[in-house]
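As given, the protein sequences belong to chains A and B, one line each in that order. Going left to right, the first sequence walks through residues 1 to 331 as the working numbering numbers them. Going left to right, the second sequence walks through residues 1 to 292 as the working numbering numbers them.
Treat the hints as calculated values from the structure; they're not laboratory data. All C-beta atoms in this analysis are idealised placements derived from N, C-alpha and C, irrespective of residue type, glycine included. All the pointers check out, no bait thrown in.
Stretch-level coverage of chain A by chain B, calculated; a stretch enters the list once three of its residues show a Cβ under 8 Å from a Cβ in chain B:
no. : region
1   : 118-128
2   : 132-139
3   : 250-264
Quick partial rundown of chain A residues pointing at chain B, CB under 10 Å, derived from the structure:
no. : residue
4   : 67
5   : 115
6   : 143
7   : 298
8   : 300
9   : 304
10  : 305
11  : 315
Calculated pairs, SDA-like style, for lysine to any residue (alpha carbon to alpha carbon, straight line, at most 20 Å):
no. : chain 1 : residue 1 : chain 2 : residue 2
12  : A       : 142       : B       : 257
13  : B       : 92        : A       : 312
14  : A       : 142       : A       : 152
15  : B       : 92        : A       : 315
16  : B       : 92        : A       : 314
17  : B       : 92        : A       : 208
18  : A       : 142       : B       : 264
19  : A       : 142       : B       : 260
20  : B       : 114       : A       : 298
21  : B       : 167       : B       : 156
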Amino acid sequence: MTDHTTIPDAPKGISALKIAVILLIIAALALFPFVITNRFYISLVNEMLIYGLLAMSLDVLLGYTGLLSFMHNAYLGISAYVVGLVLIHISPTSLWMACLAGVFFATLVALPVGWVQVRTGGLAFALLTLAFGMMFHTIVWKWYGLTGGDDGLMGMPNPSITLFGWEIGNSGDPTVMYLFTLSIVVICFILTRRIIHSPFGAVLEAIRENEERAAFVGINVRRFKLFGWLLACMLAGVAGALFILYKGYIGPTTMSAFAGAGVLMMVLLGGMGTLWGPLVGAAIFIYIQDYISTMTEHWEIYLGVVVILLVLFMPTGFVGLGAYFKRLRKG
Amino acid sequence: MGGALSTSVDIALNSLVLGGVFLIVATGLNIIYGLSRVMNLAHGSLYALGAYAGYTLVATGLNYFVAILIAPIAVAGVGLLLERSIIAPMRKRSMIYTLIITYGLMFLLDGLIKQIWGNEPRFIELPALIRGTVPILGTHYPIFRLVTLFIIAAAMTGLMLLLSKTKIGLILRAASTIPEMVSCLGINMNYVHIGAFVLGCVLAGIAGTIAGPLTTIDPLMGHEMLISSFVVIVIGGLGSLRGAVIAALLIGVVQTLAEFFVTDLAMVIVYMLMAVILAFMPRGLLGEGRFE
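Construct all of the structure, not just a fragment, from the sequences and the given hints.
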């Protein structure tokens, strides 16, 4: 990928203890639907995992490349719509083909958008993500014939999930879908962590820390920013494919600016630049959202207040809070 | 009615009005950015607040023209409060935090607006004096739109005079170029930041009140305006006031034409235009190379 071998490759050595903890968490998550058979909780955790993947993909951009995307959910939405359309209109059984088409199309759309965005600089990049996100939102909202407009995409078939000819189960079954989501999210997490800790990831972090200096040592800043953006959008596309398979439905509200702010908040809650932080943040966010939205219709006000308080008083999120206490204990 | 001439006069005047509203909002955003390096994402909500303030003032029986003077002051008051409590503590932090916190502020303000005024659209009652139409080149054009155009011109002239002829303007212009030097000359930069933010809020308030009768007032009006003013300042070049004038007129024309011909997807055409311009001129039309 790069010949800048002088840039220190920083694979943070994982201790055996950490691996054990991670395996334990994954095992607990995998056993979860067999212990708690309430379908409501299975769906809730499934949603946490999908949004966790989306928040993690935003963290690649925000925490590692230092670029802000206000409407990362737009790429989740694009992929979800494509997966849905392929399953409805082309082939109701080819799950893998539909998912690949969704992820591919989300990345394909992200390419020209990203190309324009990286040319303009950090601040304009952020403003443009909002403008383009709004554009995609408007398109799916108004293109009634294709997307179903306000009503959303309906009539999704439930294809069965097969792997090398071996049928695992039907995607309409919550437990099967949950395990499918879990395995994809775990794979994506491991791959992303690998990529981020490769020299490529180090280049992204160099750009985040000091763009000018990175350019001076011979890094093509625009190209690497574009790669970071494409990686983030591709992961968001994977989350989108999982999203529509799990929900069986997608509407334009999933792609709204409001939903985009939610994703940003997940990353903030968990702590940026950690990859696993946003997964935790998404779990907390989805839980609170589920809890509060049943009590009040003024969710918007709460979201605004919490974002402001987080940035003012806890900019490192919950992960940072842990590090803070650790420092405190050491004195 | 009918006739290509009257339609084109209609479109031309409508573009001017729309472009003018964009210009006022975008200029406010630009001034705050130019002086404080704060991109205020809550600016659209402050604009909506101006519209609702104007609505409430007119609904309580106040004259529309008096409301245009009072509503911006109310918005400026809110702005002052926000600057001191939320924006100022962000000054030493990375730009990303400012963007995120003002984004949160946007949702807070939108939520509060919905809470206070409800979701249903509102209309500002115009005084009888400017309710009719006036014949121009074969079309009957609403008088209040011409009045709006006049107010926009007056507001922009006032701003230009403030910036070019007064001592405050001198300080502001100097601070946008070399803030350290201004600080060295014994001018408290805190006041400059406050002044810039309040000035931006006044402009948002004016735009909101004059946009009230042009469109319906609803809680989402701020979102659309925020995006449109982004498009204007990104195309014009961040921090460039002259660029914003050109871009605002351009977007005004394109959006009016697009709404006339393709209606629903009008905004998509505007975004496409923006993408094309930025692909060839990444710093905008008159960008001053001051991208962060």
